[in-house]
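J.: Sequence:
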Amino acid sequence: MGAGRGGGLDQSLIHVLRRLELIEARVRAAVARRRATDPETDDRFRGLYISQGHVDRLLAEKSVPAAPDAGAAKAREEIEAAADAAERDGADLRLRRLARNFRLDEIDIELVLIAMAPDVDARFERLYGYLQDDVSRRRASVGLGLELCGLPSSSAYARSRLAAGAPLVDEYLVQVEENERPVLTRPLRVPDRVAAHLLGSDIPDAVIAALAYHCEPAMPNQAATLVRWMSDESSPKSLAYIRERPGASGAALASSAFAQLGRPTLALDLERLRTEDDVPLVAALAAREAGLTGAGVVAGPVEVLIARGLPAVRAFSEMPALIVLVGARSWDPGWAREVPFICEAPIPDALQRAELWRRNLNGDTPPGLDLSGTMAQFRLTAEQVHR
28 MGAGRGGGLD QSLIHVLRRL ELIEARVRAA VARRRATDPE TDDRFRGLYI SQGHVDRLLA
88 EKSVPAAPDA GAAKAREEIE AAADAAERDG ADLRLRRLAR NFRLDEIDIE LVLIAMAPDV
148 DARFERLYGY LQDDVSRRRA SVGLGLELCG LPSSSAYARS RLAAGAPLVD EYLVQVEENE
208 RPVLTRPLRV PDRVAAHLLG SDIPDAVIAA LAYHCEPAMP NQAATLVRWM SDESSPKSLA
268 YIRERPGASG AALASSAFAQ LGRPTLALDL ERLRTEDDVP LVAALAAREA GLTGAGVVAG
328 PVEVLIARGL PAVRAFSEMP ALIVLVGARS WDPGWAREVP FICEAPIPDA LQRAELWRRN
388 LNGDTPPGLD LSGTMAQFRL TAEQVHR
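Under our numbering, think of the first position of the sequence shown as 28, with each following residue one higher.
Not one of these hints is a red herring.
Across the chosen pairs, the derived CB separations fall in these ranges: (1) A251 <-> R150: 50 to 60 Å; (2) D229 <-> A334: 28 to 38 Å; (3) K264 <-> D132: 21 to 31 Å.
No lab work stands behind these hints, which were simulated from the structure alone.
Idealized CB from N, CA, C, for every residue including glycine.
My request is simple: use the sequences and hints to build the entire structure.
T.: Right, dumping it as structure tokens:
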């Protein structure tokens, strides 16, 4: 358990699995409490009808959270102390990174773990069904999630963590399903991409993978102005626009800036969008992917979004992530509420183009070839050279 690809211990996975062990301990305690008051533990029709004994138990129960467990609190402290030590040794703990990047509090993290538990260990499906008196309900509901967190179902704050406006919901980290049901019985689901990320996967959601491409970064000195803007901590930075001319690449410029700041690049080719794609959903999933990986987003051409209407443009320009839009048009103030940082992508000179070719050819250049002279006639962007 917790072994990495090379056979070594994956500290991030160990951290997630140990936190799930705490959830299992709470589920065991909840099952024990239920057994102590359940008159029909062996009823094979359980969940299909409500018996007189079940009604009596429901009327006798008090909706009071379980008392804090000192042993569980100590176990959690030990897990987090080990996580602190792992981070000091340079480990990247994905659960903690998730909390930082999406501004989650401890209740949010607990709810994520409770909701994803059946995707990691199938036993939780049946245990959740037992605790909800319904074998068909194999995911934790809002009510069960709050109960396992030790929170009263009447707490406005606790319920707000799973409502619109909360990071878990707005950032597509937890889905609250079956909205026609009362709030407390709505099931919780962690999207496959989020669960896979916490378990160590770097494969993006299929919607994002269809648009993503490798972006060859521009020369570092070309992105100096953009890097200074991104590095300025005097005000929050989230939106930039790079205007492109023939032979220039705004995406390459953005990728270079992200790299200099230690960020990966999530480059999206918007020309790959299909007619049936829901652009606001695509933007939301892109923002989530950026949050999961710590990437900066560069997307274009903006003309594709313009053709789909202002809501499509704003879905990208106002996403909760650092995004650089690129396009050939001048910036229109109506495209976003925020005033973006605006710059033009420089056209590489002959020497810079030659260096770009050298990087992509990986030394496979015929002896005596004058790259600068030979390639001077081509006005290709960094992406075109890479292809």
